[in-house]
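Undergrad: Modelling step: build the complete structure from the supplied sequences, incorporating the hints.
Protein chains: 2
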Amino acid sequence: MLSRKELFKDTLKKAAHAWKRTVELHLTEEEANLLRLYIDQPGYVDLHWVMFVPAIKGQGTEEQQKKWLTMAYKFQIIGTYAQTELGHGSNVQGLETTATFDPSTDEFIMHSPTLTSSKWWPGGLGKTSTHAVVYARLITEGKDYGIHGFIMQLRSLDDHSPLPGITIGDIGGKFGSGAYNSMDNGVMRLDHVRIPRDQMLMRLAQVTREGKYVHSDVPKQLLYGTMVYVRQTIVADASRALSRAVCIAVRYGAIRKQFGSKAGGPETQVLNYKTQQSRLFPFLASAYAFRFVGQWLKWLYTDVTQKLESKDFSTLPEAHACTAGLKSVTTSATADAIEECQKLCGGHGYLNSSGLPELFAVNLPACTYEGDNVVLLLQVARFLMKTVSQVASGKQPVGTTAYMGNIQHLMQCKSVVNTVEDWLNPAAIKEVFEARALRMAVNCAQNISKAPSQEEGFEAAVAHVQLIIVTKFIEKLQEDILGHGVKEQLQKLCGIYALHLIHKHLGDFLSTGCVTARQGSLANERLGKLYAQVRPNAVALVDAFDYTDHYLGSALGRYDGDVYSALYKEAWKDPLNETVVPDGYQEHLRPLLKQQLKLSRL
Amino acid sequence: MLSRKELFKDTLKKAAHAWKRTVELHLTEEEANLLRLYIDQPGYVDLHWVMFVPAIKGQGTEEQQKKWLTMAYKFQIIGTYAQTELGHGSNVQGLETTATFDPSTDEFIMHSPTLTSSKWWPGGLGKTSTHAVVYARLITEGKDYGIHGFIMQLRSLDDHSPLPGITIGDIGGKFGSGAYNSMDNGVMRLDHVRIPRDQMLMRLAQVTREGKYVHSDVPKQLLYGTMVYVRQTIVADASRALSRAVCIAVRYGAIRKQFGSKAGGPETQVLNYKTQQSRLFPFLASAYAFRFVGQWLKWLYTDVTQKLESKDFSTLPEAHACTAGLKSVTTSATADAIEECQKLCGGHGYLNSSGLPELFAVNLPACTYEGDNVVLLLQVARFLMKTVSQVASGKQPVGTTAYMGNIQHLMQCKSVVNTVEDWLNPAAIKEVFEARALRMAVNCAQNISKAPSQEEGFEAAVAHVQLIIVTKFIEKLQEDILGHGVKEQLQKLCGIYALHLIHKHLGDFLSTGCVTARQGSLANERLGKLYAQVRPNAVALVDAFDYTDHYLGSALGRYDGDVYSALYKEAWKDPLNETVVPDGYQEHLRPLLKQQLKLSRL
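In order, the protein sequences belong to chains C and L. Per UniProt numbering, residue 1 is the first one in the first sequence, and the count goes up by one each step. Per UniProt numbering, residue 1 is the first one in the second sequence, and the count goes up by one each step.
Note that these hints are calculated values from the structure, not bench results. Predicted model, so just to flag it, every value in this text is computed and none were measured. All C-beta atoms, glycine included, are put in the ideal place defined by N, C-alpha and C. There's no promise every hint is true.
No farther apart than 16 Å at their CA atoms in a straight line, the calculated lysine to aspartate or glutamate pairs in the EDC-like style are these [said to hold, decoys possible]:
| id | chain 1 | residue 1 | chain 2 | residue 2 |
| --- | --- | --- | --- | --- |
| 1 | L | Lys9 | C | Glu578 |
| 2 | L | Lys529 | L | Glu421 |
| 3 | L | Lys5 | C | Glu141 |
| 4 | L | Lys74 | L | Asp40 |
| 5 | C | Lys257 | L | Glu96 |
| 6 | L | Lys5 | C | Glu459 |
| 7 | L | Lys274 | C | Glu459 |
| 8 | C | Lys257 | L | Asp40 |
| 9 | L | Lys311 | L | Asp336 |
| 10 | L | Lys594 | C | Asp158 |
| 11 | C | Lys476 | C | Glu488 |
| 12 | C | Lys212 | C | Asp198 |
Where chain L lies over chain C, by a calculated footprint (3+ residues, C-beta under 8 Å) [stated by the list, open to error]:
| id | segment |
| --- | --- |
| 13 | 11-25 |
| 14 | 74-81 |
| 15 | 173-181 |
| 16 | 270-279 |
| 17 | 516-525 |
| 18 | 560-569 |
Computed from the model, here is a short list of chain L residues facing chain C with C-beta under 10 Å [stated by the list, open to error]:
| id | residue |
| --- | --- |
| 19 | Asn33 |
| 20 | Leu34 |
| 21 | Ile139 |
TA: Structural data, given as structure tokens:
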């Protein structure tokens, strides 16, 4: 219920306090990350640690890293990542900001030549950051060498005022009542601002004292490591957000009662309704599915890093496509699911005290930042088309595309499912998902000249990514899992995750001949049985996420189920309830009721 | 950017001003409605006119109408509609508030026996309304006669303080930064509050001076008229909201450029991308489709009213199911589409200055209020099951279910579509939609004992409602339509609306055998061609909605296309930009940067 300014100040306060505790308690990097996670509010520190520091690590020379990271690690400077511009988002090559080398002073002149070149969106830029990695077109000896990163100081370290030539501000209110309004996403215009030559990030390319542009022998592919890392954290964030929403909706579904078997009789827990289950339990299954695929992505990142260190770039395109696809599919599904959970909680889901509006507003932008989800899936589609053509010419696909090597079988196989129970078999499920993904990719490759092929590519990419998630869930269940009966419950969720996708995308499965209408109907029947089986453990399956009431922040999702007293108590905290008769009564209500609105003479 | 209290006060001010102008200009009811529409902010007056007044009109005796409506029409009293309770939403029969008749004083004792019986959500209740129609269980002579409406005065007309025994307040912040936070949705507890017997709404049933409960001879069905009316206005609201979002996204899509055919070359308007078209143009088509079905619903309401007046209730169940279904399908599709439009505008869609966050937050709740969309579609499903069984026993279905009479043909027909062009034929489109809807309803009726049948019913209801919308669009195009080439454009949109549904629900069409995989693929090809044909007129088709820049309230949707200057200008209005150095710097930023956070000794 804070105003924008109060909210922002509050974020500054929390960040300072968290840093104080980080220092006092000598927290490790991992512990400090967890602390930020539980503060659970977007703020400048996110950009500093997740974008500014990694950018310098990835693109700075050893000398640059030593100089700048030493200050950044101590928070002597606060950094952000200034890439996007008012007129330019996803297409980095379209950025307009220029960095022109002036050999007479050994400086770069940083400049915003147009309104649309204003830096726009960087978090922490608006009011907080003292420094930034600014992306700009490098111009030297009259030639444009394209986009490079530069370290710029933005504000005085004495009084925080912007340095000469820099106009800087906040870009204004954003979606949601809290959410990203705690973050000072910023706008910045540069008017011929000079920085020393050594503030160009020079690991991959340098400009010499004379103004010569020289490539270093460091391979460009190294930069992809950071991208895999950042997207991996976004998948983990999505899985966490989804599990919070599901936790709230499942718990409230067990408390909330509506209608009953007889008029006047006791009402039924809404969680017992099939329609509620068929909406909510796929989200529960997705929350687990995304968590497992997120854990696997963490492994993938380590694997990629090791291979990069030994200059093995062979699996990089596959790893890159896989993380891009998973980022897209999990964040889109999460945003949709949170919104649906809000609806599944009935009217009360729209109250801020339910915790759901804030969760939704914080997580929806993940569909757009760090790669627009549609653009990312189109990249995945292009990668799949390439892989299809390589398979055709005999090259063995790797990693998550390995199944494509099985093309002979997958293009022709017919699912052996013949009874409802056959859909319990993970191999049968995996086969239809592999066949669907491959056939869609192949169809798309064949239609590539026709008009709707871009959309087909998008859908083929979704099919491929869903296969990855299903596969990783199945693989997880081949490991040992602690706890009596836990694996059995997870197997049901895995079944729900896969079968609900077959139901949702039945058109894909039928039109590619991977599944018959009868098999689709059996899958549906199996799904109904799984819902009934999961119902008794649904609350336990969300309790297992182990979120505190404080972290959930939801009157509806309380562990003790005392939701109505909690809603009632929360209501009275609203500023409108400070007085019984509202501010404005004397001016605007009383004259109306007393028929004393002063009518003008027309 | 207003705080909750400022926002609310602002709403009071606007409402008073609008009323002043309404009186001064002697506006008709319809003109006054339009004025409220263009104020475009939820407020207490909505409840007064759309719920309180119609409730008294529908359920009050002539005498009651004369007394209360006279005051309501002059705003000498402000009324709301207090039905839902903290623990009870959709199921009216589950309400707990009691109205116990006391023959010794000729009064009803209105009481909230439990916490969950607190009235909760009524708009305008929290701070504004002086009166309400309160729904409560009528108890007389020791017997519970179920839910009835009662007129209660809530606040003093002298000083606006709540009357004795009434505890009343606002229920707190809601989804969105503005949106319904301008409305004082309220909570109310009643502690044995006495009202005269004649404040029970007595058109349908009375309690006599002695406490006898007596039905009048007025048929209960008359009440359905109001429901049809309210839901019809919601469909109109949804179509308007959708067209605003589409207008913003289409116009910005024509301005925004991204990537290009060659690296370094000029960037392409995003509206030219197939993926953008395949997402956005179905919404454009839906905006027109919902508008036409909304116009038809207006006619239906008149028709229902006339039939009710002549006590012909034969078409009422069909009209009721039809409006319930349309309310559900159009509001769900609209909320999803606004959210998607926000994403289609890239990052800038999340800025409040894009207008989309507010539009989304205002329209999402329509999925839940006035009948939860899932609950409504399950009602439609039950009606369809009943109709199927009546058709089986030879009864002729009416209105929007008339197609079901053609059961012999529709259960067996095969679509004659054989080329891409065949999908231009409205009769071919209508047939596959009719066949799909009927077959899904029949399948569902046959499976009614099986577990997933509730979900199947839901999907059958969606298919039925989509058929209605497609049919009304096709019928509209059989009328004369003014303007050169306008009908041709609308025909393309009608094709897009229908074919995108075939694509989206391909699983339905394939598994019921209404369409073959090849026909589905032809439909897709046709769709791609239609997108390309609509592209040159897309901007004109949203300009045709004729919204002013003021009403759209969107920097991205400006008529003149000067979006980047507008975004830039809007940014600087944020309160955070009042100072260059933000509030909180001295306390929370400077000590951090200067390494002077006071560390406690642990």
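Undergrad: Three residues or more, CB to CB closer than 8 Å: is that satisfied between the segment 270-279 of chain C and chain L?
TA: holds (count 5)
Undergrad: For the hint on Leu34(L), just tell me whether its beta-carbon gets within less than 10 Å of chain C.
TA: At about 19 Å, which exceeds the 10 Å cut-off, the nearest Cβ of chain C leaves the hint on Leu34(L) violated.
Undergrad: At a Cβ distance under 8 Å, does chain L reach at least three residues of the segment 11-25 of chain C?
TA: holds (count 9)
Undergrad: Could you grab the alpha-carbon distance between Lys9(L) and Glu578(C) and see if it respects the 16 Å cut-off?
TA: Within the cut-off at roughly 14 Å; holds.
Undergrad: Hint Ile139(L) vs chain C: min CB-CB distance below 10 Å?
TA: violated (14 Å)
Undergrad: Please work out if Lys5(L) and Glu141(C) have their alpha carbons no farther apart than 16 Å.
TA: Not OK: Lys5(L) and Glu141(C) at ~59 Å, beyond 16 Å, violated.
Undergrad: Per the coverage rule (Cβ-Cβ under 8 Å, at least three residues), is the segment 560-569 of chain C covered by chain L?
TA: holds (count 4)
Undergrad: Holds or violated: Lys594(L) and Asp158(C), Cα atoms, limit 16 Å.
TA: holds (9 Å)
Undergrad: Given the hint that Lys257(C) pairs with Asp40(L), test it: the Cα-Cα distance must not exceed 16 Å.
TA: Not satisfied, since the Cα-Cα distance of roughly 35 Å exceeds 16 Å.
Undergrad: Is the hinted pair Lys476(C) and Glu488(C) satisfied, with a Cα-Cα distance of at most 16 Å?
TA: holds (12 Å)
Undergrad: Verify the proposed pairing of Lys529(L) with Glu421(L), using a straight-line Cα cut of 16 Å.
TA: Distance ~10 Å between Lys529(L) and Glu421(L) Cα, so the pair holds.
Undergrad: Hey, Lys5(L) versus Glu459(C), does the alpha-carbon distance stay inside 16 Å?
TA: Measuring from Cα to Cα gives roughly 47 Å; hence the hint is violated.
When each numbered hint is compared with the structure, violations occur for hints 3, 4, 6, 8, 9, 19, 20 and 21.
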